[in-house]
Structure formats: structure tokens, C-alpha cells
Amino acid sequence: MVVRKVGKYELGRTIGEGTFAKVKFAQNTETGESVAMKIVDRSTIIKRKMVDQIKREISIMKLVRHPCVVRLYEVLASRTKIYIILEYITGGELFDKIVRNGRLSEAEARTYFQQLIDGVDYCHSKGVYHRDLKPENLLLDSQGNLKISDFGLSALPEPGVTILKTTCGTPNYVAPEVLSHKGYNGAVADVWSCGVILYVLMAGYLPFDELDLPTLYSKIDKAEFACPSYFALGAKSLIRRILDPNPETRITIAEIRKDEWFVKDYTPVQLIDYEHVNLDDVYAAFDDPEEQKGAQEETGDTGPLTLNAFDLIILSQGLNLATLFDRGKDSMKHQTRFISHKPANVVLSSMEVVSQSMGFKTHIRNYKMRVEGLSANKTSHFSVILEVFKVAPSFLMVDIQNAAGDAEEYLKFYKTFCSKLDDIIWKPPDGSSVRNRATKPKSKRR
Amino acid sequence: MLAFVKCFSLKRTKHPPGYEDPHVLASETPFTVNEIEALHDLFKKLSTSIIDDGLIHKEEFLLALFRNSSMQNLFADRVFYMFDRKRNGVIEFGEFVRSLSIFHPYTPEHEKSSFMFKLYDLHGTGFIEPHELKKMVGALLSETDLELSEESIEAIVEQTMLEVDTNKDGKIDEDEWKELVAKNPSILKNMTLPYLKEVTLAFPSFVLDSEVDD
Numbered sequence: 001m002v003v004r005k006v007g008k009y010e011l012g013r014t015i016g017e018g019t020f021a022k023v024k025f026a027q028n029t030e031t032g033e034s035v036a037m038k039i040v041d042r043s044t045i046i047k048r049k050m051v052d053q054i055k056r057e058i059s060i061m062k063l064v065r066h067p068c069v070v071r072l073y074e075v076l077a078s079r080t081k082i083y084i085i086l087e088y089i090t091g092g093e094l095f096d097k098i099v100r101n102g103r104l105s106e107a108e109a110r111t112y113f114q115q116l117i118d119g120v121d122y123c124h125s126k127g128v129y130h131r132d133l134k135p136e137n138l139l140l141d142s143q144g145n146l147k148i149s150d151f152g153l154s155a156l157p158e159p160g161v162t163i164l165k166t167t168c169g170t171p172n173y174v175a176p177e178v179l180s181h182k183g184y185n186g187a188v189a190d191v192w193s194c195g196v197i198l199y200v201l202m203a204g205y206l207p208f209d210e211l212d213l214p215t216l217y218s219k220i221d222k223a224e225f226a227c228p229s230y231f232a233l234g235a236k237s238l239i240r241r242i243l244d245p246n247p248e249t250r251i252t253i254a255e256i257r258k259d260e261w262f263v264k265d266y267t268p269v270q271l272i273d274y275e276h277v278n279l280d281d282v283y284a285a286f287d288d289p290e291e292q293k294g295a296q297e298e299t300g301d302t303g304p305l306t307l308n309a310f311d312l313i314i315l316s317q318g319l320n321l322a323t324l325f326d327r328g329k330d331s332m333k334h335q336t337r338f339i340s341h342k343p344a345n346v347v348l349s350s351m352e353v354v355s356q357s358m359g360f361k362t363h364i365r366n367y368k369m370r371v372e373g374l375s376a377n378k379t380s381h382f383s384v385i386l387e388v389f390k391v392a393p394s395f396l397m398v399d400i401q402n403a404a405g406d407a408e409e410y411l412k413f414y415k416t417f418c419s420k421l422d423d424i425i426w427k428p429p430d431g432s433s434v435r436n437r438a439t440k441p442k443s444k445r446r
Numbered sequence: 001m002l003a004f005v006k007c008f009s010l011k012r013t014k015h016p017p018g019y020e021d022p023h024v025l026a027s028e029t030p031f032t033v034n035e036i037e038a039l040h041d042l043f044k045k046l047s048t049s050i051i052d053d054g055l056i057h058k059e060e061f062l063l064a065l066f067r068n069s070s071m072q073n074l075f076a077d078r079v080f081y082m083f084d085r086k087r088n089g090v091i092e093f094g095e096f097v098r099s100l101s102i103f104h105p106y107t108p109e110h111e112k113s114s115f116m117f118k119l120y121d122l123h124g125t126g127f128i129e130p131h132e133l134k135k136m137v138g139a140l141l142s143e144t145d146l147e148l149s150e151e152s153i154e155a156i157v158e159q160t161m162l163e164v165d166t167n168k169d170g171k172i173d174e175d176e177w178k179e180l181v182a183k184n185p186s187i188l189k190n191m192t193l194p195y196l197k198e199v200t201l202a203f204p205s206f207v208l209d210s211e212v213d214d
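Just so you know, the sequences run in chain order A and B. Note that the numbering used here numbers the first sequence so that position 416 is 416, with each residue one more than the last. Note that the numbering used here numbers the second sequence so that position 157 is 157, with each residue one more than the last.
No lab work stands behind these hints, which were simulated from the structure alone. Every value quoted in this text rests on a predicted model; they were computed, and no experiment measured them. Hints are supplied without guarantee of correctness; some may be wrong.
Said to hold, decoys possible - Taking lysine-lysine pairs in the BS3-like style, the calculated list, with each CA pair at most 25 Å apart, reads:
#1 A:Lys361 <-> A:Lys342
#2 A:Lys8 <-> B:Lys135
#3 A:Lys134 <-> A:Lys236
#4 B:Lys134 <-> A:Lys427
#5 B:Lys197 <-> A:Lys97
#6 B:Lys183 <-> A:Lys390
#7 A:Lys5 <-> B:Lys168
#8 A:Lys81 <-> B:Lys183
#9 A:Lys420 <-> A:Lys368
#10 A:Lys412 <-> A:Lys361
#11 A:Lys368 <-> B:Lys183
#12 B:Lys86 <-> A:Lys134
#13 B:Lys171 <-> A:Lys427
#14 B:Lys86 <-> B:Lys118
#15 B:Lys189 <-> A:Lys368
#16 A:Lys390 <-> B:Lys171
#17 A:Lys219 <-> A:Lys361
#18 B:Lys183 <-> A:Lys97
#19 B:Lys178 <-> A:Lys5
#20 B:Lys178 <-> A:Lys8
#21 A:Lys390 <-> B:Lys178
#22 B:Lys178 <-> B:Lys118
#23 A:Lys126 <-> A:Lys258
#24 B:Lys45 <-> B:Lys58
#25 A:Lys342 <-> B:Lys134
#26 A:Lys5 <-> B:Lys183
#27 B:Lys135 <-> A:Lys390
#28 B:Lys134 <-> A:Lys390
#29 B:Lys189 <-> A:Lys97
#30 A:Lys5 <-> A:Lys81
#31 B:Lys135 <-> B:Lys178
#32 A:Lys390 <-> B:Lys189
#33 A:Lys264 <-> B:Lys197
#34 B:Lys171 <-> B:Lys118
With the hints as extra help, turn the sequences into a complete structure.
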């Protein structure tokens, strides 16, 4: 196997993929340090005349050191690609935590919200705006602290940013003034997104969620949403002040910091001083489109993540000691897996078609699909997350988790879903196919 | 705080075998005395759920992990074995705290990595061998109700050996394991329990009510 290298970085597996950018795991061969490498096509940036803005923001991000913001170490370039070297964060997405454990407790949601505001405020003070804050951009480090990713990278051509022009991506987190194509203030728009995130952390579902875009836009525009009754009064009033459709009267970060609900148990994070930082790499990467000595090209390998034996083994409940500390607040969480020997794109598109035929909305990102909609009785939200992995040369594993909605609903969904996917779900040859698809609760905790 | 400690030492005589002074444990682990006290609460619940003797028996451990004391699970057996440092078939309080400390967010990665390596080295030979990997993959698949043929499991193991066994001696040694961890830190993700950092705050409302398996 050929080891692919970019500069001093040895490339590993792909950990994320969008329409225009790809993220790979990489290792600094000089220090052994693990990093994430975001790879972007140079031509798309130049074509979109975004060079100046991106250069400015990436330069600032190199200077930014904040415990709640993913660090940008350096930028490399080849003739056709730009490589952005970022801190590697191991704890996964905050969103996945909500998927696994359901909505967070008030205290936990507040802690993450405080860290979010701290990081966002700090970047704003340096003149960088995020413009695409959403749970997928909120990561957790190994100690469970929040890390905001993609700060200052929003001008890069990613599906999330192009929502203004096209309808792909999810506008659920975007401020009304952004949707209405008026000029907008990045700081004020970020505050709105923080409000939506706070809502999601505490409720486990979105404040604005509609099956059709025109209705969604109109609800966002009027800030038409309802807080569940279990939200504390203080949280409700803060969320109302943040989700103010008028950017002029919307609460500012400085005011959020004085809010009674916000300040509870607040400990400001310790800032890290930054040493002298060299920005030559950033300028070099963007300034000279013609004469770049090549960091080596790597060929595009697409496909779902491959799980090796060890990746599989850690899925065991026997190795999940977090269960000992489970606070038991959740109702049953369901997780199911099935095996398929069809190609990944066939599996993914079949699942997409089937979900849509059942009246659900789908979002696909890499090999992960979110299925969302209203529950059968139209009173609550229902959603599941499906992720496709490669396990053996000719086998895929699809992991399905219930993200919102009750267990009964999930079981019903899963049964219908599977019956329509009969030709992609692999059954063992001995005919004992029922067990293969048996759903079982991840834990029987109440 | 002083009063707390005093009240605590008065009670000492009542403690079951294997109990250790929180101050001693605190000096050897990343936990504070208060956190060890909180862990003791958890330990008490776990160790009295079936047999009220202040020791965690295998059945009690399985009950806590699966809500089923007769669950068959290779990995839970291995974790229990690793926690039972004295190899006397039960987990004592000191063993519980010292073993959990490896899962603390502040514990260096190499300690976590080495714990996991030993856990996977089912026969204690100092190597993870293909037959052990095969057994573990098989155990995981049957735990999750997935059925793959013998050949497919072998293909997974073969692929993994190809990736990990860089010196091609047919088994995975600890250096090769460390290389794999460096390339793919997420395989250690179960080795960190963020709860342990806030164990006094977010104390488990872990209630083993009356759902003892019958």
C-alpha cells in the first residue's frame, strides 16, 4: 500500500466528505501529532472570487487560540488543491451525543451553551464570523469540552454556505435576515444560530422544522416556534430574546453574558496567549495560483468508512462502561444494524427513496443520512440517523439510531422501512433471516 | 471538610474487605477525595445489588451493564477480569477506583492504550492473535444480532491483520497496537468516560431498583 503524503503529513482515512471539500485524518511525521486535513479545490475558490475573504479569515484563524475553537495550524497548497491543517478532535459531534442520549439536562445544555458563546464571542472580537453554526460543526474533545469547527471557513465553498443560492443544505439554523438575501451582520446572524442550537440541546429537536421549504422560511421569518413546557422559564426567555426575527433588536452577546440564566455556574475559560505566528503559508497558498511546487497529489478515494475488527469490537455494550454512570433519564433508545452486500450508493439511494416514500425528509452528508418528519399522530418530531460503513470486502453495515420520537414509533418505522428494503438487506443463507433484522433495545433501562 | 473526614474515619470499622482509605486512593489516582467518596456511593449500589457483601460479583457487574445478570458477553467478562486485579473473582473498592481511574479524561493515552491491549490479548500471550480477533468479532456480531459467515469474519480479521501487523509475523504486538492507536485514536474512545471528571456533580442517579433478573 502506498502511503500518501502532503508535505510532512502522512494521510490516513477520509473522515468527512462534502461536495467541495474532503477531510482526512493525517499525521505530522515530524512530531507524530494527529491532525485533520481539509482538502479544497483551488479552482472553486478562485472561480468564486472568494480568495481575499478566505485569505483574511484563515490568517486570523491561525492567530486565534481559544479552548472552544478548533485550531488551524497551517495551510499547504499544491497546484490544484489547498490543504488546511486543523486540530484533530476525538470526541465526535455534539449532535451525535444528542442522538445517543436524547436531549440534554438543563445544566449540561447551559455548560455547552456557555462554551459556545465564549468561543463565538472570542472569534467575533477578532473579526471572524462563522455564518454556518449548527450542531454538526460543534465537536467534543476527549474531555467532553465543546470545540467549534469551521470558524472562518464558511466562505469556503461547502454545501452549507451555498444555501443562499441553491436549496441544498439545511436552512434550519439560519437567521431570517440571511434567508431574505439582505446584507447581514455576521455577528448578529451567528447569535441567532446559537439560539437555535441552545433550543436543540434542550429539546432534542429543531425549533423550526417543516417538510416544505416555503413554510420553513415563513416560520423562521416570523420566529414562529414553541418552547416545550419542560424548558426553565429563564431559558425560555433567553431563547425568545435570541430568536428575535429583527436583527436590530436581537439580544447581543454582551447582553447574553449578563443574562440571569446564562450566568449560572459560569466559569470563563482560560485564554491561551499566542506566540508569534507566521502567515507566509496562508499567503503562499492563495497568492500564486500558477507556480506551486506540488505537495503530492492524492487520488480521490470515495466510499464509506471502513470498520476494521477493532472498530467493530468497540461497538460492544460490554465495553461501554458509561452505562454504569447512566443517569437513566432516557426512555428506551433504539439502535439497530443490518448488513447489505449491495454497493454503498445503491444502499444509500434505496434508503433515501424508501424514507421519502414514507413521507419523511432526508438529509445526506457523506454516508450518513438523517430522516426527519412528524410522528404518525402529527404531534411530535420523529427522526432517525442511518450511517453506512464498510465491514468486509463485500459487506456494508448500516447502523440505525432513533434520534427523536418514542420507541414504539421507531419500531413501526423500522419494520416498514425494512420490508421495503428487502432486496438490499442481506439474509444469512440458512434462512434464519428474522434474527438478522430483529430490533433490540440498546439497553433496557427505563 | 475536616468534619467530613472525621465522620468518615469513624465509620471505617464497618467497611467490607477490600475497602481503602479515600486519601490513599486520591494520592494514587486523578480523583479527589470527594470524587472517591462519590464513586463509593456508586460502588455500594453495584456491590449490594445481588449479594450484600460490599464486593462486586460478576453477576452484579453484568446486571449493571446489561440489566441482566446472566448475560453472556465476552467483553464484559474481559473488563471484569481486568478490574479484578487480585484475580480473586470479585472487584473490591480499591480495584474499582484504580481501574476506573484509567478511564479518567486526564489519564495519559498510553495507559488507556495499554489497558485495552491487555483486554484484547485474551490469552495473555503479549500478542493479539488472529484467532483472538476472530473470536471477538464473532462475539460482537452475535451480540448485535448480525450474522456473517465464517469466511466473512475471516476476511475482516485478515484485512485488519494486513493493516495492523506491519512486521508480518502473524500477530499484533503492543508496538503495532500503539501505531494503530496513533493512526486511529477513535478506537480508544470507550476508554475515556467524561463523567469521571464531574463525578461529584453529575452523580449517577443509578438506581438498580427491583429489576433483578428473574
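Right, here's what the structure says about each hint:
Proximity of A:Lys361 to A:Lys342 is assessed by CA-CA distance (about 23 Å); at most 25 Å being required, the pair is judged to hold. For the given pair, A:Lys8 sits about 38 Å from B:Lys135 by alpha-carbon distance, which is inconsistent with the 25 Å threshold. Straight-line distance between C-alpha atoms of A:Lys134 and A:Lys236 comes to about 20 Å, which keeps the hinted pair within the 25 Å bound. Of the pairs offered as hints, the one joining B:Lys134 and A:Lys427 holds, with about 21 Å between alpha carbons and a cut-off of 25 Å not exceeded.
A C-alpha spacing of about 17 Å is found between B:Lys197 and A:Lys97, which places the hinted pair at or below 25 Å, so the restraint holds. Under the criterion of a C-alpha separation no larger than 25 Å, the hint pairing B:Lys183 with A:Lys390 is consistent with the structure, at around 18 Å. At most 25 Å may separate the alpha-carbon atoms for a hinted pair to count; A:Lys5 and B:Lys168 meet this at roughly 23 Å. Taking the CA atoms of A:Lys81 and B:Lys183, the gap is near 23 Å; set against the 25 Å cutoff, the hint holds.
Between A:Lys420 and A:Lys368 the CA atoms are separated by roughly 19 Å; this keeps the pair inside 25 Å, and the hint holds. With a C-alpha separation of about 17 Å, the suggested pairing of A:Lys412 with A:Lys361 holds against the 25 Å cut-off. Between A:Lys368 and B:Lys183 the CA atoms are separated by roughly 22 Å; this keeps the pair inside 25 Å, and the hint holds. For the given pair, B:Lys86 sits about 48 Å from A:Lys134 by alpha-carbon distance, which is inconsistent with the 25 Å threshold.
A C-alpha spacing of about 32 Å is found between B:Lys171 and A:Lys427, which places the hinted pair above 25 Å, so the restraint is violated. Our distance criterion of 25 Å between C-alpha atoms is met by B:Lys86 and B:Lys118, whose separation comes to about 15 Å. Between B:Lys189 and A:Lys368, the direct Cα distance comes to roughly 20 Å. Compliance with the 25 Å bound is thereby established for this hinted pair. Distance hint between A:Lys390 and B:Lys171 is fulfilled; the C-alpha atoms sit about 23 Å from each other, no more than 25 Å.
Of the supplied pair hints, the one linking A:Lys219 and A:Lys361 holds, its CA atoms being roughly 17 Å apart against a limit of 25 Å. For the proposed pair B:Lys183 and A:Lys97, the alpha carbon gap of about 23 Å is at most 25 Å, so the pair holds. Pair hint B:Lys178 plus A:Lys5 holds up; C-alpha atoms about 21 Å apart against a cutoff of 25 Å. In summary, the hint linking B:Lys178 to A:Lys8 is supported, as the alpha carbons are separated by about 20 Å, within the 25 Å threshold.
This hinted pair checks out: A:Lys390 and B:Lys178 have alpha carbons roughly 23 Å apart, not beyond 25 Å. For a cut-off of 25 Å, the pair hint linking B:Lys178 to B:Lys118 stands: about 12 Å separates their Cα positions. Of the pairs offered as hints, the one joining A:Lys126 and A:Lys258 holds, with about 21 Å between alpha carbons and a cut-off of 25 Å not exceeded. With a C-alpha separation of about 14 Å, the suggested pairing of B:Lys45 with B:Lys58 holds against the 25 Å cut-off.
With a C-alpha separation of about 24 Å, the suggested pairing of A:Lys342 with B:Lys134 holds against the 25 Å cut-off. For the proposed pair A:Lys5 and B:Lys183, the alpha carbon gap of about 14 Å is at most 25 Å, so the pair holds. With a CA separation close to 20 Å, the supplied pair B:Lys135 and A:Lys390 stays within the 25 Å bound. Our distance criterion of 25 Å between C-alpha atoms is met by B:Lys134 and A:Lys390, whose separation comes to about 17 Å.
Only pairs whose Cα atoms come within 25 Å are accepted, and B:Lys189 paired with A:Lys97 is accepted, the gap being roughly 13 Å. For the proposed pair A:Lys5 and A:Lys81, the alpha carbon gap of about 14 Å is at most 25 Å, so the pair holds. Among the hinted pairs, B:Lys135 with B:Lys178 is consistent with the structure: their alpha-carbon atoms are about 21 Å apart, no more than 25 Å. As the CA atoms of A:Lys390 and B:Lys189 are separated by approximately 20 Å, the hinted pair is consistent with the 25 Å bound.
For a cut-off of 25 Å, the pair hint linking A:Lys264 to B:Lys197 stands: about 19 Å separates their Cα positions. Taken as a hint, the B:Lys171 and B:Lys118 pair is honoured in the structure, with Cα atoms around 14 Å apart against an allowance of 25 Å.
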